[in-house]
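Construct the entire structure; sequences and hints are all you get.
These protein sequences, in sequence, are chains A and B.
First residue of the first sequence: 0, per numbering that gives the first Met the number 0; consecutive thereafter.
First residue of the second sequence: 0, per numbering that gives the first Met the number 0; consecutive thereafter.
Where hints are given, some of them may not hold.
[Stated by the list, open to error] Taking beta-carbon pairs under 10 Å as the criterion, some of the chain A residues facing chain B (in silico): (1) ARG34; (2) PRO35; (3) ILE60; (4) TRP61; (5) THR62; (6) ARG128; (7) GLN131; (8) LEU135; (9) ILE138; (10) LEU139; (11) GLY141; (12) GLU170; (13) ALA176; (14) ARG184.
Since the hints were made in silico from the structure, they are not lab data.
Ideal Cβ positions, reconstructed from N, Cα and C, are used throughout, including at glycine.
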Amino acid sequence: MYRPVRNAPRISALITAIGVSFLLENLGLVLFTGRPKAFIRPELLSGVHTFGNVRVLDLHIWTAILTLLIFLSLYVVIYRTNTGRSMRCIAYDMETTKLMGVDVDRIIAVTFAVGSAVAAAGGIMWAMRYPQINPLMGILPGLKAFVAAVLGGIGNVGGAMVGGLLLGLLEILLVAARPDMAGYRDAIAFGILIFILLFRPTGLMGDRLPD
Amino acid sequence: MKAKNIFLALAGLAVAAALVVFILPKKEADIVEIGVFLPMTGGVASYGQMGWAGIKTANKLEPTVLGKKVELILVDEKSDKIEAANAVSRLIKKEKVVALIGTSTSGNTMAGAAIAEEAKVPVVSPTATDPRVTQNRKYIFRVCFIDPFQGVVAAKYAYENLKARKAALLMDQAQDYCVDLANFFKQEFISLGGVITASTFCQSGDQDFTAQLSSIAATKPDILYMPNYYTEDALVCKQAAELGLKIPILSADGAHAPELISIGGNAVEGFTFTGHFAKDGATTELAKKYIQAYEATYKTEASGFDALGADAYFVLIDAIRRAKSLEGPKIRDALASTKDFPGVSGVMSIGEDGNARKGMVLLQVKNGKFTYLTTINP
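Here it is in structure tokens:
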């Protein structure tokens, strides 16, 4: 799908991605209807632990552990393997990478596979936390993930994770501290996006300008 | 090559033009077209799909009026205010319908109301309960009760039956219905002698309510009143159970969808709400006929949103019959003089203000089912 736009400007690739996501979401609406469906959470993960005033679900602990594991393996794949090195090279300069004898098509396919797998893991963990699914459930989390990635610095795996944590903490603390301001939660997230793009376009941890 | 492409394009245009000329203007004289705008997708898709099923069932039971066949034209308003306004203007300007049925939620009905009002096309909403929906409008009607009644009943139930003295509120601030209804509850609860310990807000589509619930739990209320829509309701109940917040939760007609139970599971046991219709509380002859037809087709139990969809249809058809005309102003006058109409959800009268006067039911989730508690008449 992306092959024709691979050599086009980045903006065309981005717009293509948005177009495809709309196509898939609306196809989902046609196939599965817009009514939310329940998502079964395994009994194994439903336990609750109480530490003083704090209640923690087994699910929360497992989500954190799993996220950390996924993060570590992603880090290893990107920074410690040949495939990962090729990915980073392609992001830097596709033409030169081709000249070095790297099978660009294969690497790009692998990148997409890894990305989709990580997104699927995220989606499953999200659905277990908020046990209902519908075809449009990914829109807002997707946008927030984008904000988190920009906040941390595009092209930086650790940055994206730190950005996500920061954004999540900011949102939840705002709602907890000022319940009457809860409606501004999303506004804050996207306000941060604008702010970062204006004053620190490389993100908190980014070192080079994304183009 | 180029010439061939141009020829093909011209041929395509010619075919399209032929279609427009020969097919579109073919409007038969013996058909009455009624526009339906409902949320078939989006956050409250269940309301729209249940409502549509109810309207279709009603149409099957009463397929003709004034000797003409009734044809329904459905447009999806996607649970979105802007789409609702677009749907209304499309149905009126393009499809030229004689009257409209829609929509499930108050905010979206209001979004379409101005257009219908200007075009003098009557609208009958099945379940828009916010009082502002029909205020200062001549062509907007509804077959449901209004929220001040709902808020008062819930507050009395909380204060008298549950002996609650401290209540917390959680409302969806993107919905006029939720905020207004929470305020009606608040006024009544305070005038009865109760206190509101916390007023918290969420937003349609939110999935995480732990922050709001934690701040509610800190104020130690006796009950939580949250007149929101079913998706939010189910998730709030689940998260309240996970946080160990064990107080009765009260809600309103927006909770009445099977998803509340399929998503909420054990967490919604004991969940009580004010609603439009309960199968076991049905009394009229029409209700019996309707329940039979609905359950034969859809293999699920008839409930609030489909019954009200059917009522909107029956009331509108009754008005057209009494008006003996398909003109907007005449149908409007007939609607405004609906008296003691025996609908599916009970006997109702509609006045010049566009509001229905009728009873309300109290429902509770017991053993994974909606159970009828009682009927309250105004």
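Hints, verified against the model:
1. With 10 Å as the threshold, the beta carbon of A:ARG34 comes within range of chain B, its nearest partner Cβ sitting at about 5 Å, so the hint holds.
2. Proximity of A:PRO35 to chain B holds as hinted, the smallest CB-CB distance being about 6 Å (cut-off 10 Å).
3. The interface hint given for A:ILE60 is violated, since its Cβ lies 13 Å from the closest Cβ of chain B, which is over the 10 Å cut-off.
4. Taken as an interface hint, A:TRP61 does not check out: its beta carbon lies about 14 Å from the nearest beta carbon of chain B, beyond 10 Å.
5. Taking 10 Å as the C-beta contact cut-off toward chain B, the hint placing A:THR62 at the interface is violated, the least distance being around 13 Å.
6. Interface hint status for A:ARG128: upheld, as the beta-carbon distance to the closest one in chain B is roughly 8 Å, under 10 Å.
7. Hint status for A:GLN131: holds, given a least beta-carbon distance of 5 Å to chain B, under 10 Å.
8. Using the Cβ-Cβ criterion of 10 Å, the hint placing A:LEU135 at the interface with chain B is satisfied: the shortest such distance is roughly 7 Å.
9. For A:ILE138, the shortest C-beta to C-beta distance to chain B is roughly 9 Å, which falls under 10 Å, so the interface hint holds.
10. Below 10 Å, beta-carbon pairs count as interface contacts, and A:LEU139 has one with chain B at about 7 Å; its hint therefore holds.
11. For the restraint placing A:GLY141 at the interface with chain B, the shortest Cβ-Cβ distance is roughly 13 Å, beyond the 10 Å limit, so the hint is violated.
12. Below 10 Å, beta-carbon pairs count as interface contacts, and A:GLU170 has one with chain B at about 8 Å; its hint therefore holds.
13. A cut of 10 Å between beta carbons decides the hint on A:ALA176: the least distance to chain B is about 9 Å, and the hint holds.
14. Annotation: interface hint on A:ARG184 holds; nearest CB of chain B at approximately 7 Å, less than 10 Å.
In this structure, the earlier hints numbered 3, 4, 5 and 11 are contradicted, and the remaining ones agree with it.
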